[in-house]
Amino acid sequence: MSLVQRYWRIVLGIVVIAALIVAPMYLNRYGLFILSQWAVMTIAAMGLNLTLGYAGQVSLAQGAFVGIGAYAAAIMTSNGMPLIAALVVAIILCFAIGWILGYPALRVQHHYLAFVTLAFSTLAFLVFRNESWLTNGIYGISNIPRPSIFGYPTNRPLPFYYVCLGSLGLVSLATWWLIRSPWGRAFVALRENPVRALSLGIDTRRYTLMAFAIGSALGGVAGTLYAPLTQYIDPVPFNLSLSLDLLMMVIVGGAGFFFGPFLGAMIAVLLPEWLRFTQGYYLMLYAVAVIGLLIYSPTGILGIIDRYLIERRTRAASALRAVAKSSLEATP
Amino acid sequence: MLLATVVAGPAFAQGAPIKLANVAELSGGGATVGTNWKNGIDLAIEEINAKGGVLGRKLEVTHADSQSNPGVARAQVQKALDGEPYVLLGPGYSGSVKVTAPLAAEAGIAQIMGGEAAELTQAGNKFLFRTSFGQQSSMPKVAKYINDEVKAKSVAIVWVNNDFGRGGRDVITREFGKYGIKVAADLSTEAGQADFAADVSKIKAAAPDAVFVYLNEEESARILKELKRQAVTVPLVGETTLIGQKVVELAGDAANGARGHVGLTTDAPVDLIKAFREKFSKKYNYVPDHNGLKGYLAIYMIKATTEKMGKVDSKAFADNLHGLTIKAASEPGILMDVTFDANGDIDRQGFLVEIVDGKQVIKKVLPKLN
Amino acid sequence: MSNLLDLLISGLATGAIYAIVAVGFTLLWQTSQTINFAQGEFVMLPAFLMLAAMHAGVPFWLAIIIGMLASMLLLGLGFKLLLVDPMLRHGVLPLAIATMALAIGIKEAVKQFFSAEASPFPSIVPAGDIAILGRQVSVQSLGVLALAIAAVIGLTALLNRTSIGHQMQATAQNPTVARIIGIPVERMILLTFLINAFLVALASLLITPIYLAKFSSGEVLGQAAFIAAIVGGFNQVRGAIAGGLLIGVVDNLAAAYVSTQYRAAVPMILLIGIILLRPQGLLGRAEERTV
Amino acid sequence: MTAVLEISDIKKNFGGITAVDGVSFDVQEGEILGLIGPNGCGKSTLFNCILGQLKPNGGEVKVDGRVVTGFRPSDLNRLGVSRTFQLLQVFPKLSVRENLILAGQEHQGNMLSRLLGPSDAGLSKAADQMIDFFKLGHLAGESAGGLSYGQQKLLDAAMAFMGGPRLVLLDEPAGGVNLTMLGDLKARLAEINRERRATFVVIEHNMEFVMSLCSRVVVMAEGKVLAIGTPAEIRANTAVIDAYLGH
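Chains as they are written, first to last, in our numbering: chain A, 107 to 438; chain B, 2 to 371; chain C, 29 to 319; chain D, -1 to 245.
Derived from the structure by calculation, the hints contain no laboratory data. Please read all numbers here as calculations on a predicted model, not as lab measurements. Heads up, some of the hints might be wrong.
Among the chain D residues that face chain A by a calculated CB cut under 10 Å, a handful are [as the list claims (entries may be wrong)]:
id: 1; residue: F89
id: 2; residue: L92
id: 3; residue: A119
id: 4; residue: K123
id: 5; residue: G161
Glycine included, every Cβ here is placed at the ideal spot set by N, Cα and C.
Just chain A, with the same shape it has in the complex (with noise of 0.2 Å):
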């Protein structure tokens, strides 16, 4: 990468920072509640995009454990818990519940795992309904309250967003540590050759299973700013769809790019509320982008531009291997 593009990124990354942080003062409370639900489900499709993009491991359940984090926020806090508490509880649950749900990946692997998965999100929705005693069943939980943070309320909307987007930096932060530590380089040696990276003397079934465990903990965290951003949960969110949905936005932004996750977000959570104003129209509108956009580019948002600057450094190192072979014939 060169210099100029390197600086081109810092400022690029400062201006969306800035924004994300300025802009919301000036929206009102229905835009702030959508760009903080892009924030929690951004958490959640950076947990999966860990499993599915990084360690290629597929999961049908990422909306299951957003559940679980969601349950476990709703039940603690009316309980008079903090919410932190309830973090430590999501990320321990989630990542237990992940590390088991691993295991059928040692055994099988691709379509076949999908549908291991597949059958827990539909399980986990059946508990979700049924355990009325711990969930109060499909009465949902209402009156979720929010945090205290430092002793400052955040019951407004514009404290809870920033709380939903610092919780977004810190994961982001942490996600991106993650992958560029060996541990990232293990998970992408484990999608791209298991049989090579066992070889090189990587336990792949370690780094498996903690590929699952560490994406089911993100959802974990999605969940828990998602109960007290609705502060009313049930069940039926949780069902397959919210899966779904989550692979969706990890496939459309862009598996395995860092930050695919942020884009398929915002696709999933702005771009039906851009299209709205085609009334009746507009989830029609939204499937057919979505669906364009596959066609156009199967490795998502960012998989165009990947390919752009791959065509682009091929042109120049052509270029420069074209210059290079003149001035050699030129010289006598």
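The hints should help you fit chains B, C and D onto chain A, whose structure is shown.
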């Protein structure tokens, strides 16, 4: 950014249209409910505007889709409230009402909704209004009917496992307790379920004196067929969703003998309702269910209340609707006399109905309480 | 005991519905590695095409033919050319996601252009019941079961007895080699898409009188059929039939003997068990894995 | 001299077919052992059995006198046994340097230190040295997928050496590599063998390559060992000539 919505200027200038906002289940699991509700609203507004509007001002409504998801409902209600509507309409799912009611109350805007769960109007919210009986008022009537008329001592309950079915089941189970009626079987079913053989065989095994069926119309039709196939002959009791015309249409002979209480039905022997049904079918090419009626009534509630106040005043609206009685004689659009209490609950005539030879027969009219 | 018989017969009838939808899954998977999440909607749509033709004043029998042809054009040819072809070489996942979006699109389009209401649909099989072993069984269910069996016999005969069938099998097993030995692979793949479109239209015709024509009726159906296909073995037509029947029966037995609230859980647990113990499904072949 | 690798009576069946049928030999420290034989004689299967990619149906594998039969490849690798594959197996989306760091990272620290420690696991320098050693210096930052076939082959071999292995099993390292690069590769292998006392087992069809590099050669045919000896002895062995070289 596209997210920013334009905040309306002076909202209620004389002559400007009165803005209403509807948030309903236009896609997802509740799409049939929400679409009926929306069509009812549109029909009523069209009628009123054709006759010059309310206090000389036209009505104007925006429709937003909640995707049958409480989280989306919350966002859309927030958006609607940011636009400062005169009154908020919807949603229909009780869960979505629960998540949005505090927002409307905080904004001081009245919310006229379709939810039927008992608890909705019992939380002390002063801005929430029903368009139909809540389960806390319809279920006692069904239980009384089962006790007094059917004289059943044990009843099997079949309910659809969503907030509607679960809510009805919980209230009626309590009511049965008061009469000392035993619940012989308690069967949860899934929305969209096709095969009721297992449920019916469980009913048969429990040998109850009557069966209370609380499902959506399509599933009601399927279980009626299965009950007939397995030769269950005890009385089948239900609510609007068991003995509506739609169920009769879908279940054929199997619906004969089904009976129960109907709060709001397009089949009621009331001329105004028959006329409504005709208008609706003509405009939309299908026969509405009670949700179509509810949407229609919501608009006429707004009209009657506003005309009573003599002004378009969003803040005073809720106060004026509490305790209001609207007579069909003076406001035909309300179809039947109706009174709203301090909780936003509704009081109206009800009917006891039985299906005989594929036709609804009104056995008894339950009078309005006051 | 008589009770059990009731449950079995009823379960087989429902299972036949799942089975017939599941067959299409396996066909598309075999020849073009397409996981079609819109299969349920594919079954929902043809009934509306037929209804639309009837609203235009066409008699029922002609509406059926029009619906079938339109379905083969849209869900067979159109689906393959517009969606599958451009995406196939990019792997299973993006295509699967695109079919999810397609499912949303079809549902919304039907709701918007037709109705959100359930409409009754005329039955080509008489609506009554007949007595079998002293049980009342609906003729419609028997019709579906008969069709499911006919479909598997017909498909098996087509695949094993005809030269086109052999070419299709070769295409499914190894497209590269098939191409080399001169089989028109593209045409064979197109043929499976057309067969799938024909099957879903046929299924639509038989199932809709029971399920009603409704924009959302594909959701339950699609998911049940999907699970049936996996349980039976994703790559075998007769596996899909067995899986469908099994899911129908297990669902009923679960509701009767386990718990009505958890009836949907039992097929899922069955699914997990089968995948872990026999990943290729009950009747499926093990798929070759390259190291 | 001590034996780094001892294999005794390894058997492997696939269904009814016996791919490896009671193979025994040992490899001495610092030795370069060639393993040759016609296609399908079980060489690669034997490799896979030694390295735990396949479970042998019978027999025993010892590394440094310790029985390691049935160990998983990753465990064996961390014991200092490394390999390359017949077909190219680099990670195309990672850069050349990252491929090498990946190949070495599991030999450093533990899971926790690999998570919390530096991104390169402290291996950048070692990787760069390896890059220089294999003359890939100008390509360090390129993604491996963009390299030419021969360059990838060099990278593949380089990865096998990152963990500082005692024993390296190379499966057709010379296959498809052009002449110039072949010379390079041979020189590198010989140098590593000399300087690091690393022990090699090499499967190769290129006879010239095997005969000039290896100190001893094992010839396999139909799942069995046909002959063991120095390159000169093998050249003179009539059975080998009949079974293999003669064709």
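Verification of the hints:
no. : hint : result
1   : F89  : 5 Å, holds
2   : L92  : 6 Å, holds
3   : A119 : 5 Å, holds
4   : K123 : 15 Å, violated
5   : G161 : 6 Å, holds
Checked against the numbered hints given earlier, the structure breaks only hint 4 and satisfies all the rest.
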